[in-house]
Amino acid sequence: MRIYLKFDFNTICKTVIQEQLNAMGMDYTIHGVGEVEFRRKPTQDEEQRMEDMLGNYGIEIMDDHQIALVQRVKDTVTEWILDEELPKRYNFSTYLSDKLNYTYTYLSSIFSEATYSSIENFVILKKIDIAKTFIGQNNLTLTEIAYKLNYSSVAHLSAQFKKTTGLTPSSFQKIIKKRKERSLTKE
Amino acid sequence: MTWHKVVSSTKFFAILLVLAVALLMFIGSVSYKQVIRLGESADWVSQSLKVDMEIDQLFSYYHQMQSVEFKNLLLRDTLGISSYEVYKPQVLSSHKKLKELTYNNPVQQKTLLRVMHWQDSLYRALATMSSIPFQKTTYSKSDQDKIAKVSEVLTQLNLLKNQMQQEMQLQLAKRKDDYKSQIFFTPLMTLLLGMFALIIFVISYLQINSQRKKTARTEKFLQNVLSSTENIISYFLPIYDSAGEIKDFSIAFTNEKIEQVLSQKPDELVNGKMSDLIPDNFKNGIFQELVAVLKDKKARKFEKPFEFKGTTFWFKTTAVEMENGVLTTSIDTTLERQHNQNLKVLNQQLETQNNHLEDTQAFLNSILESTSNTVSHLSTQRDAQGQIKDFKYLFANKEIEKLTGIPVAEIVGKSISQIFPFIKENGLFNLMVKCVNQKSMETHEAKYTFQDRQAWIHTTINNLNNGLTLTSHNSTQIVEAKQRLQELNEQLSVQNSILNDAEEVAKIGSYRWNITTMQATMSDNFYRLLECEPGEFPPSPENYRPFVHPKDLVEYEKNFKSALEEKLTNSFTYRIVTKTGKVKHLQNSGHYLQNEFVGVVKDISTELRNEQKLIDKNLELKRSNKELESFSRVASHDLQEPLRKIQLFISRLTERDNSSFSKQEEEYLKKISSSANRMQTLIKYLLSYSRLTTTKKDYDKVNLNLVMEKVQEDLEAPIKETGAQIITGELPMVKGISFQIEQLFRNLISNSVKYHSKGCSPKILINSTKLERGEIKDKFRKKAKHYFCISIEDNGIGFAQEDANKIFELFQRLHNKNQYSGTGIGLAICKKIIEKHKGHIVAISEPNKGATFHIYLPA
Amino acid sequence: MPLHTLNIALADDDEDDRMLFKEAIDEIKIKTKLSLFNNGEELMEHLSLPGVVLPQIVFLDLNMPIKNGMQCLHEIRNTPCLKELLVAIYSTSSSEADIEETFINGANIYINKPNSFGALKKAIDKVLQLNWQYHTSALNRDNFLLRI
Chain A
1 MRIYLKFDFN TICKTVIQEQ LNAMGMDYTI HGVGEVEFRR KPTQDEEQRM EDMLGNYGIE
61 IMDDHQIALV QRVKDTVTEW ILDEELPKRY NFSTYLSDKL NYTYTYLSSI FSEATYSSIE
121 NFVILKKIDI AKTFIGQNNL TLTEIAYKLN YSSVAHLSAQ FKKTTGLTPS SFQKIIKKRK
181 ERSLTKE
Chain B
1 MTWHKVVSST KFFAILLVLA VALLMFIGSV SYKQVIRLGE SADWVSQSLK VDMEIDQLFS
61 YYHQMQSVEF KNLLLRDTLG ISSYEVYKPQ VLSSHKKLKE LTYNNPVQQK TLLRVMHWQD
121 SLYRALATMS SIPFQKTTYS KSDQDKIAKV SEVLTQLNLL KNQMQQEMQL QLAKRKDDYK
181 SQIFFTPLMT LLLGMFALII FVISYLQINS QRKKTARTEK FLQNVLSSTE NIISYFLPIY
241 DSAGEIKDFS IAFTNEKIEQ VLSQKPDELV NGKMSDLIPD NFKNGIFQEL VAVLKDKKAR
301 KFEKPFEFKG TTFWFKTTAV EMENGVLTTS IDTTLERQHN QNLKVLNQQL ETQNNHLEDT
361 QAFLNSILES TSNTVSHLST QRDAQGQIKD FKYLFANKEI EKLTGIPVAE IVGKSISQIF
421 PFIKENGLFN LMVKCVNQKS METHEAKYTF QDRQAWIHTT INNLNNGLTL TSHNSTQIVE
481 AKQRLQELNE QLSVQNSILN DAEEVAKIGS YRWNITTMQA TMSDNFYRLL ECEPGEFPPS
541 PENYRPFVHP KDLVEYEKNF KSALEEKLTN SFTYRIVTKT GKVKHLQNSG HYLQNEFVGV
601 VKDISTELRN EQKLIDKNLE LKRSNKELES FSRVASHDLQ EPLRKIQLFI SRLTERDNSS
661 FSKQEEEYLK KISSSANRMQ TLIKYLLSYS RLTTTKKDYD KVNLNLVMEK VQEDLEAPIK
721 ETGAQIITGE LPMVKGISFQ IEQLFRNLIS NSVKYHSKGC SPKILINSTK LERGEIKDKF
781 RKKAKHYFCI SIEDNGIGFA QEDANKIFEL FQRLHNKNQY SGTGIGLAIC KKIIEKHKGH
841 IVAISEPNKG ATFHIYLPA
Chain C
1 MPLHTLNIAL ADDDEDDRML FKEAIDEIKI KTKLSLFNNG EELMEHLSLP GVVLPQIVFL
61 DLNMPIKNGM QCLHEIRNTP CLKELLVAIY STSSSEADIE ETFINGANIY INKPNSFGAL
121 KKAIDKVLQL NWQYHTSALN RDNFLLRI
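Chains as they are written, first to last, in the UniProt record's numbering: chain A, 1 to 187; chain B, 1 to 859; chain C, 1 to 148.
Hints may be right or wrong, so weigh each one.
Covered, in the sense of this in silico footprint (three residues per stretch, anywhere, with C-beta under 8 Å from a C-beta of chain B), are these stretches of chain C [what the hints assert, rightly or not]:
(1) 26 to 35
(2) 90 to 96
(3) 108 to 117
Keep in mind the hints are simulated off the structure, nothing from the lab. Where is the CB? At the ideal position from N, CA and C, for every residue including glycine.
Isolated chain A, as found in the complex (with noise of 0.2 Å):
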């Protein structure tokens, strides 16, 4: 048998964190996704333990500030893709410096120096990973992928789409298809 999830990243990030952290009996808030403040800097063991047991989960914690920035970014990225409300009433680099504290500039220099990509880049790709997430599903047309995701049109997902990942949706959605139906019959 064969099930299929639908699952939300951060809320998994957040119980992991909150679990690990109370367990180790620490003082903390989390700010966000990827950012947890202590009330007192933790010892250095107690940072190695929390490396060790995050880790398991394939949380890093990351001791530049840089980084975490560009975690922050990228989280704030997912979060402004998701939400169907905010891009109608938001600029996104108004939106991403008035919610990070920092001007877009920065945050823009920060990120490519980081991730060899700009940030429009990693929203485009963001913005095709769910919109693949979305066809795989197979529950809703393009153009109401295309609406969900803020896409002037079907085209212009079509044509992202495609210069994304080097194939068309209709293409990629019957690879997936064929996939899925190999490895069913595979069982």
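With chain A fixed as given, assemble chains B and C onto it according to the hints.
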């Protein structure tokens, strides 16, 4: 039961008799009682008389006693010789007697007691009186008292006497009444009842007597019947064994008829045992039947054979249970059975005869019914000289109406020349006259016209009782059939000659072989196939066999044998060697038809040779296809690889930042690269052209709108570069292989973009219309009912219309390479794709006026 | 950027291609360690060595002697410990059917061997970039399909 029956039955009279006897006895007893009572009454009366007399006696004694005393007194008889004393004993006895007589009357007894009392008083008074002395004149007062006293007593006694007598009278009167009633009623009753009984006696007697007489008569009648009947009537009594089962019967009675069967007189048979006299009865089941009759107490009927002294008799017996025995009545049915048997045979004969008759009749009927013959009967009409001048219809059947259209009613009674005047001309009338005169039978056939209808009619004329019977039928069909047959025969002979020619042309020979007469025929061309002259040898299997190829002889014989045995021929092929030594392949196919094998042999040598060639060609084709496939593989990978490497290495040289090449060297490198690039494109196109072999399952619904989107995406660069404008109308969905359709449009659009007029950006219009098959003027095989016509119109350089077909051919280019880059494959691919999709593509153009491509795809 | 180097493997029977691929990788800023194999068989043997450090991306030529790219792809996708490998097909074939078939069989990336060194570099760069993004950002690896 009716009353009459009751009255007439003997039982009724017996009951009546018994009743009469009972009545008499009753009357007797009543009379006896009456008599007794009468006696009693008589006694009583006499007794009463006695009592009366006694009373009188007694009282007379008293009076005598008084008178004696008075006399004594008067006569002075003192002596006293005649004193009252003398009467005393007499009184006593009288008294005694009275007492005895009235013992049953208490009143009298009581009165007697008082008499006794008063008697005592008398005695005393008498005694006193006697003591009175005699006086002459008068008597003293006391004496007188004494005398008076006596008188007084006597008076008293007289009173009593009266009392007693009164009582007596009372009793007597009562008795008298009693007696009177009895004396009246009893004798009357007796008389009446006696009379009645007597009547019954008389009636009963009469009846019983008549019954007796009747019985006697019946008995006599029965006796007569028994002796005179043909039936054997016997009465059997069962003999039981110890277990209570009937083991035998004894004959209690039998009539004289038995003598005829057993040859013994009935007297000799009576009391004899069945097992001794008629042992056969135990075998033939009669015994069991009789036992069953006794057991069930029901009459049974049976018919059994019975053998006696070698003669078989059949008896039909009715057995009835009677008085614990069985009464049987048997009839000798032997003769009857024989008769029956004879009758049956006779009946059967009759029946078969009947059936025959019926068949014949049915046959006749069916003939008459099914026949469409017109039957008519006519009488002759003669003139004064006795010459026949006409015939009159006496009868005509319904068919005449069908034939001539004239109702029967209008024909009968009329003369024939009146209705059918033309018979005098066509000879029928003369024949009819001849038939009557010569009493012969004639036939006549001629064409008649009835109510605008022409028909051939065949008539048979029969002489019948000085009249004629005409039987006619419509022979048009027969006459026409005869004519048709003649025509057919002529045709057949023509066809036969055609067949002969055809056989020659088709290299066919035919044969027939009758397996009963063993006669065979072979067509002329069969001989020719063997390279013999027609009829060169007598046609027969034996003469033909030597022509069969020795190597195929076994197979030929096998087929020949199985055809003979199973009477069917299968189709088979064998070789023959002709007279001149040529080997030919013959295919034989035939079938069995009414004792004949009819078949055809065909020289298939050429066909076989061609077939072999075809097979070889096919193999070759397959081989070359395989080669092509491997070529494709080689081309796809191995051929492209060196080109790609060339390009790669050139790029490696040119793309270096610190390039040390001179301008010219760089130019050379560019040329190498572009050549390699061209080569690569060529190979790519060639490959896709050769790959256009597809299977059905790849077909899918393709949305041409999406295809166009994709094509525009693919061609983004050249479109941008040339500033091309593409205007697409609403396009349909078509059935096809999506990537091929994509390639088709990509090639066409890219052509339009590529071959644009200088100084003018390309403009491409794409539209679609749905057309019915008939509406399409362009000629191609149209299998579908509807087609989409998709037109792609550009404003490019165009081409001369006479080149319109050329452009779709492989490697055909209208321009030299320097002017326009092109492979000469693109449109060839388009054409091939369209053909794969059962469509058609045409190009319409004029130089410098743009080109329009029409694509037809099945809707 | 990751502190540790990126492990990459290439299986190609063409010596020139291997060489150019290495040159291209070397010119890319990302720190990488490239292992080269002459054919599919060699690659699969290497991958099955005990204690081997698995590459993050495997580049497979389709047309190879002994064991071709498609066979390798099958084996990789059917081996539990190799399932998570990112597989990039690196082939001359531009047949749509070939491309679709490799994706269906579990390839993540399909690269048509480019005609110029620049294009090659660009392609490799894009692959590595994307891999990096998939690695660091919460992207769905199941949907990682790329055609260059």
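Hints and how they fare:
As drawn, the stretch 26 to 35 of chain C meets chain B at 0 residues by the rule of a beta-carbon pair under 8 Å; below three, the given contact is violated. Coverage of the stretch 90 to 96 of chain C by chain B holds in this model, with 5 residues showing a Cβ closer than 8 Å to a Cβ of that chain against a need of three. For the stretch 108 to 117 of chain C, the stated coverage by chain B is satisfied: 5 residues place a CB nearer than 8 Å to a CB of that chain, which reaches the threshold of 3.
Going through the hint list in order, the structure does not satisfy hint 1, though it satisfies all others.
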